[in-house]
Amino acid sequence: MVAYIIRRLLSVIPITIGVILITFFVFRVVGGNPAYRIAGKNATPARIAQISHERGYDKPLFVNFHEFPRHVFDAQFPQLVWHLVRFDFGQSIVTKERVSTMLREGAGPSLCVTTPLFLIELFLGVGLALLAAYYRNTWIDRGLVLLSVMGMSISSLVYIMLAQYWLASVWRLFPVWGFESPCYLILPVLVGVIAGVGGELRFYRTVMLDEMYQDYVRTARAKGVSSRTILFRHVLRNALIPILTNVIIAIPFLYTGALLLENFFGIPGLGRLTVMALFNFDDDVVFATTFIGSILFVLFNALTDIAYTWADPRIRLK
Amino acid sequence: MPLSRLLVLLSAGAIIATAVSCGRVFTSDSADERNTLCRVGGDFKGFDPVDAVDVESAREVSYVYEGLLEYAYLERPYRPVPRLAEAMPDVSVDGLTYTFTIKPGIHFIDDPCFPGGKGREMVAADFVYSFKRVLDPHLESQGDWVFAGHVLGADDWVKQIGAIKGPVDYSAPLAGFQATDNYTLQIRLAKPYPQLLYVLTMSYAFVVPHEAVEFYGDQFRRHPVGTGPFRLKSWRPNYRIEYERNPTFSGQTYPDTGEPGDRAAGLLADAGKPLPLVDRVVEYDIREFYTVWQMFLGGRIFTSLINKDYFEKAISSDLSLSPELVKRGIRLYKIPTLDTEYLGFNMLDPVVGASSDAVINEHHKKLRQAFASAIDVKTFVAVIFNNRYMPANSLIPPGVAGHTDKPYAYEYNLERAKQLLAEAGYPGGRDEHGNPLRLTMILPGSGSTDARQEADFYEEALRAVGVELVVQQLSFAEYLRREHDGETQVFWAGWVIDYPDAQNFLQLFYGPNKCPGINASNYQNPEFDRLYERILTMADSPERTALYEQMADMTTADCVWVLMAYPLEYGLFQPWFQNYKPHGFPYPNGKFYRVKPH
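Residue numbers (the numbering used here), protein chains in the order written: chain A, 1 to 318; chain B, 1 to 598.
It is worth saying that the hints were derived from the structure and are not from the lab. Keep in mind that the hints are not guaranteed to be accurate.
To be verified - Here are the simulated DMTMM-like pairs of lysine to aspartate or glutamate, each with C-alpha atoms no more than 25 Å apart in a straight line:
| no. | chain 1 | residue 1 | chain 2 | residue 2 |
| --- | --- | --- | --- | --- |
| 1 | B | Lys366 | B | Glu468 |
| 2 | A | Lys41 | B | Asp485 |
| 3 | A | Lys41 | B | Asp54 |
| 4 | A | Lys59 | B | Glu487 |
| 5 | B | Lys165 | A | Glu67 |
| 6 | B | Lys378 | B | Glu549 |
| 7 | A | Lys41 | B | Glu56 |
| 8 | A | Lys96 | B | Glu56 |
| 9 | B | Lys103 | B | Glu86 |
| 10 | A | Lys41 | B | Asp529 |
| 11 | A | Lys96 | B | Asp169 |
| 12 | A | Lys59 | B | Glu454 |
| 13 | B | Lys165 | A | Asp88 |
| 14 | B | Lys233 | B | Glu214 |
| 15 | A | Lys41 | B | Asp450 |
| 16 | A | Lys41 | B | Asp136 |
| 17 | B | Lys514 | B | Glu362 |
| 18 | B | Lys366 | B | Asp349 |
| 19 | B | Lys334 | B | Asp309 |
| 20 | A | Lys96 | B | Asp136 |
| 21 | B | Lys273 | B | Asp309 |
| 22 | A | Lys96 | B | Asp349 |
| 23 | A | Lys96 | B | Asp285 |
| 24 | A | Lys41 | B | Asp405 |
| 25 | B | Lys233 | A | Glu105 |
| 26 | A | Lys41 | B | Glu454 |
| 27 | B | Lys165 | A | Glu97 |
| 28 | A | Lys41 | B | Asp349 |
| 29 | B | Lys418 | B | Asp553 |
| 30 | B | Lys233 | A | Glu97 |
| 31 | A | Lys96 | B | Glu214 |
What the hints assert, rightly or not - Looking from chain A toward chain B, a few residues come up when the C-beta cut is under 8 Å (computed):
| no. | residue |
| --- | --- |
| 32 | Gly32 |
| 33 | Ala39 |
| 34 | Asn42 |
| 35 | Glu105 |
| 36 | Asn137 |
| 37 | Tyr165 |
| 38 | Trp166 |
| 39 | Phe264 |
| 40 | Met276 |
We put the beta carbon where it would ideally sit given N, CA and C, even for glycine.
With the rest of the complex left out, here is chain B (with noise of 0.2 Å):
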């Protein structure tokens, strides 16, 4: 057959085959078909609590599994009130007991996983089974740190599991978790733990049925068999997941209280209603964000995140909505994210760390604050991120106990910078030979645009005071190995809060947890450590909170980090969503949502 004919066969067939399947039904998910949640989801790694260590594998297991307890939707300050258990549990006067009791009657959703197909009571020993899975190091979970080194016997369970090789037996006792009876757990600690409250809301303590686990084996993260609002439908990883009501849901309602003020902005309109409010929940895989755009614009989507390359074109110059975007009925709201960027100094470091000399101690802390002030944290958060970032006062983020409104102690002061700089012994930066001050900072992301800009940023506001900074660009691994490491002099860091707990940052200066633990900084004070020992096993209380704003003080003094900025997170939403509230910890929400009929 000649070559012509071929080709013209073939393309034809194609073009035929496309246009024949295109006569089938058009499918579309557009939100007003049904009441459906239409929004964008991302890279999330599959149902399996014991991996939802990100965002979006948080959110999409909060859809089909849940927990002991949860934040209450509407109050502030963010508080646990009870969702799997009764009620609060009983601690003992020691705070070393907690017994939870297991609210009755709760079922998994039917699944080929039990027996009949039918799903079976949740009982609390399907709590132990789940607490030990996040221990077991077999599963490589970057939540143990929720109960290892807490719970009591978890480090010595840690290490007898880790050295079975093969199938890990679940059966073999753990001390500080006990299911007395089929509807009592008690969670036994090492030491007082109050942020244990805190960590039972987290996608970690989510509770799994072992005839899920045992049946799907590792096929077990696409086949969520949980209690949550919904089922999963289907789930194409890398494009689209679909979840439905789930039928046999255990009535919970939404909320009849909430902050002053959530009545008049309707957020109570629902109030006693059974949850969830939607039917169906879809979420799209979309990496690029011209066609988020594209997606919300046409109403694909109930709501958009604003990129920083069409920040401009959403928001007009006051920081409000765009009148394009105001007359489609769109609404914009700016949330504080509990997240604090911060560039910290290695304090084992021999030119900007601390030193057992108090006069070269000195000098060591001035040239940090030389650092701080140097750098004009508000025209960075302006040209570098549109002002989609709040320049940073304390190291605790706002909305969190601690946090205070003092001004920072090191507001960029470009003379400022060059007298300290001068005090710490490099006037004009240079040392007393003459030689230029050699810095080296490492930041993550290398080959990103965003990571590309921070660094001439940097680089160039060192400069202005003589200063010679390199800025390293790394890979993200390579990143946290020096981190972890303690291979750094100074580095970029942020760090998102877990647990609305200041305690959550303040681990982050204690001396025990020098690398390779998390105090990266390697900052050593006994005075602090002192402190922090002592709110480990503290209430929430005033008195908790004025140490939490006495450690936070002392950090800034020693100038361990250059405070940068909290990140605000800037969104639309579409005229027809409703019950929104900015949340902290928004993981398991969508059961509160409501999409209006359009």
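Chain A with its partners taken away, still in its complex shape (with noise of 0.2 Å):
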């Protein structure tokens, strides 16, 4: 398992550097120079190659061929994945701030917002599915199925314009925008959770309904145990591996913010600073969050097949 859990942490290494290769070819090879964009309309050729020499652009890509091969990594990709690996983010072209500190600034708020998202959806998402799983067949379940289906059918955009201006603007239950206090995050969380319930519902009572159908529910059955003891006490453990996978895969999630509901409510999050930076093409900003998500992800991945492990005994890593 030691072993396993090593070769997983290693695949860290290519996987992100895979990710941000593909980042800097859209946002440095694709998108050009930035110096362009941070010296402006009235600058000047010295200016423009003064930036451009101060931060890096003018040099190579992705190998220093002018000076091989003592500095053949002096070039833009190597460095930049050499400040990422050492946790330093750069500055921002646009705020000119530290990205460091707009990713601990913005942390914050997202969590505010997909932490109780999170569990709600998970606590809702479980619980109807099992009570759709109990009375599998009867109009409960049918009518589970047909709200799932319509809630997933809409997208989460209608959801945040009818909220905002039912629930806010016209009948004022809830304020409209801001991060003022947790009564802010009513709303979205409330949005958050009406759109992405469906297809949790949809997820987990698929999950249910295979474990029930398994030959060690008739044999309980048989045995006389109740449907309410089947249910909560051996198809809800044995269906543990899927929804663990779904639970832990979308832990980084929660870090890298929910941009629709942070832009639209105004919560100061890392989502709504993500869509900020790709409109803004602000690249050390894009670089660093996608830096971040991709060593989240593949690390929640890994957690992922150790938590396997503890939900099934029979299950050994190699």
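Hints given; two lone chains; assemble the complex.
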């Protein structure tokens, strides 16, 4: 198992470099030299050259053949990777703020929205799936499936707009926008839950029903175990692997934030920060969020595998 | 612990925590609570005047910092008046030396950066320090052009400072900026620069104390220490900024003179009252227009622009305010911005550019004229921009001396376009060998809907005369690089005027400014250059205005640009918002606004 974990941890390196390479290609190779944007419309060639030099934009993109072999890695991409692995995320070209400061300030607000959203969605998703499975093929099950399909079919933008208009603007039950107190989180979380719980319910219901047709359930039923006990003690336990996969893999996204919700409801989190960085071609911010996101994703993937051994002792990691 | 129980506990905990927290007092920034101006702000670069390049940054910086001069709020045409200067400067006969007397007794706000936390008096040396910061290449200010190339010794100083690694010593002398005593500032120029008075109203020229820059270091942008009408109370980037009245503000009062009609419009009702008229300003950083709209309708912000997608909801077909909004007492404003959008030709391009051969040159000119005549700008602004733009007829926008009402020489005329194309050697859009004429145009905004729609429109317009136009949508950085390096054939561009002087537009045609300078069209016309050099040293006069018109006509005759449109800003006001007068340079105007109790 230790060898497996080490192997999985080492896989972070090529995956993360690959992700950064793609991002670098889009932002630096296709996007062009950021020095032109930093220098602005009245810039002289000398100013552009100076900014390019100071920020390293005048270096070769991938390999420095000019000073081969001593400074072969004195190029933009290797330098970027070197800075990122040291968690030196540089400076935003838009705000001139340290990117690490921006990430630190954005993480809290993002987690304020995504954590309750995640937990409520999980609880509701699993709870309703159990209910649907327990009452399978009854009007309760069909009603829940119908609602979940309807919920999944409607864009979350529609929920956001309806909620902002009716609940906030017309009925004034919630603030339209802001991040002043926990009250301001209710509407975005509510909208997030409504938009997301349908998919969760459908997934967990399928998992539960798969389990309910297993031999051990039939055996338990034959032994006279009550349906409730079968569902909560046996089915839920055996359905843990897909649930764990779904849950643990979602955790990195708590950090990266909820893009739409943050943008519409004014949560100054990392989702909003990422959207603005993409919009402004603020490459250092994009590199940093991509880097952290990819690392978290790979790590939590590994954690999912490890969690399987806890959920099902028969599983061995090699 | 069984998973189900764990889930129940965790979720219940989250719900209870939220519910308990909501028992707290619900805070709202609704403007009726206190004498507060609430509005939507945006992406800005922080409170360092050297970075105040965009509209948002210039406005935020102007709440807390000030300069020697500012524009008279109510007067038109725009006229600089003293702000931190005691009076307008004494200008030497040769126009090379401007001597300002600084108002005594003006203090920076109290701040820990000063000994004892007490704001000290602002002196002339503070301006010298602040102006040098604008020129400091390490600070990467986009505003260095306001002094570089104009102020005596500035270029050498920049070279000297640029070579220094590490902290810059601003005590290194710069001949053009001299504080001869605490209240006298002398600016010496390398050549006459009548636009100096305008650029001194800009945010780049605002005064900052060296103590704050040194004390806060790279966090200075978060800690404004100025003399402005407000001081920063809190700022959460990407979310909200709050200002409160600066208790040590220097006693400026609301103006008592304006244009005819201002009194009747109620704009002089507050004449003589101490500024600012509101106690608090709150700005929200809202990016989704739907949210802005809900906030505006809910009365939480005093103004809202009208987004393209909401235009038909807010504005009737006769371009007046919709009855529903009129019923709410909401008022509409419509301001032409001092901005011209155009399509530029690269005059060095072998197909559309100028040529030393007179016949070829004439053919290429006719090709450019055909291009211009093929574009139906009226349909363009109606279809793409809901008539939120006005078709342009002069490169100089309305409201700036030099603009004329003469109709545009290349108004949409498909038949004429075809005829000009034939005269240019491309009958039916094909050259003498029968090959189709293919042109390439660049515009910024890759991936945006607006850019896509515009690209489709231009391609379709040229297709109608048989020309194959390929519009490349580029990232902004790549677009700037191509334009800067002259790697263009046709390019979309817009120029927002920096100060109310047409010279700011005409510099875009001056030969020595060719790529990589700001003359992205690489226009070369010795006669134009001669006139440009002449107007550079002329003060505002009817003679200079006549020259501006003549120079604009020269560029139109050569069809260097296809004039597209002047953007119109449509916006809405709440009924309780007062003292608003449209202004081309509105950044410091928050201090004049008033919020009626409601």
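Each hint, compared with the structure:
1. B:Lys366 x B:Glu468: Satisfied, since the Cα-Cα distance of roughly 17 Å is no more than 25 Å.
2. A:Lys41 x B:Asp485: Given pair A:Lys41, B:Asp485 holds - Cα atoms ~12 Å apart, limit 25 Å.
3. A:Lys41 x B:Asp54: With Cα atoms ~11 Å apart, A:Lys41 and B:Asp54 stay inside 25 Å; holds.
4. A:Lys59 x B:Glu487: Holds, because 21 Å separates the two Cα atoms, which is no more than 25 Å.
5. B:Lys165 x A:Glu67: holds (23 Å)
6. B:Lys378 x B:Glu549: Distance ~24 Å between B:Lys378 and B:Glu549 Cα, so the pair holds.
7. A:Lys41 x B:Glu56: Judged against 25 Å, a Cα distance of about 17 Å means the pair holds.
8. A:Lys96 x B:Glu56: holds (15 Å)
9. B:Lys103 x B:Glu86: holds (5 Å)
10. A:Lys41 x B:Asp529: holds (21 Å)
11. A:Lys96 x B:Asp169: Status holds; Cα separation ~21 Å.
12. A:Lys59 x B:Glu454: violated (35 Å)
13. B:Lys165 x A:Asp88: holds (21 Å)
14. B:Lys233 x B:Glu214: With a Cα-Cα distance of about 21 Å, the restraint between B:Lys233 and B:Glu214 holds, given a limit of 25 Å.
15. A:Lys41 x B:Asp450: Judged against 25 Å, a Cα distance of about 22 Å means the pair holds.
16. A:Lys41 x B:Asp136: Distance of about 18 Å is within 25 Å: holds.
17. B:Lys514 x B:Glu362: Status holds; Cα separation ~21 Å.
18. B:Lys366 x B:Asp349: holds (14 Å)
19. B:Lys334 x B:Asp309: holds (17 Å)
20. A:Lys96 x B:Asp136: OK: A:Lys96 and B:Asp136 at ~16 Å, within 25 Å.
21. B:Lys273 x B:Asp309: Not OK: B:Lys273 and B:Asp309 at ~40 Å, beyond 25 Å, violated.
22. A:Lys96 x B:Asp349: Between A:Lys96 and B:Asp349 the Cα gap is close to 37 Å, so the pair fails against 25 Å, i.e. violated.
23. A:Lys96 x B:Asp285: holds (18 Å)
24. A:Lys41 x B:Asp405: violated (29 Å)
25. B:Lys233 x A:Glu105: holds (18 Å)
26. A:Lys41 x B:Glu454: holds (22 Å)
27. B:Lys165 x A:Glu97: holds (21 Å)
28. A:Lys41 x B:Asp349: holds (22 Å)
29. B:Lys418 x B:Asp553: OK: B:Lys418 and B:Asp553 at ~24 Å, within 25 Å.
30. B:Lys233 x A:Glu97: holds (20 Å)
31. A:Lys96 x B:Glu214: Holds, at about 17 Å.
32. Gly32: Hint holds; A:Gly32 Cβ to chain B Cβ min 3 Å, cut 8 Å.
33. Ala39: The hint holds - A:Ala39 has a Cβ within 8 Å of chain B, the shortest such distance being about 7 Å.
34. Asn42: Constraint on A:Asn42 satisfied, holds at 4 Å.
35. Glu105: holds (7 Å)
36. Asn137: violated (23 Å)
37. Tyr165: holds (6 Å)
38. Trp166: violated (10 Å)
39. Phe264: holds (5 Å)
40. Met276: holds (7 Å)
Hint compliance for this structure: hints 12, 21, 22, 24, 36, 38 are broken, all remaining hints hold.
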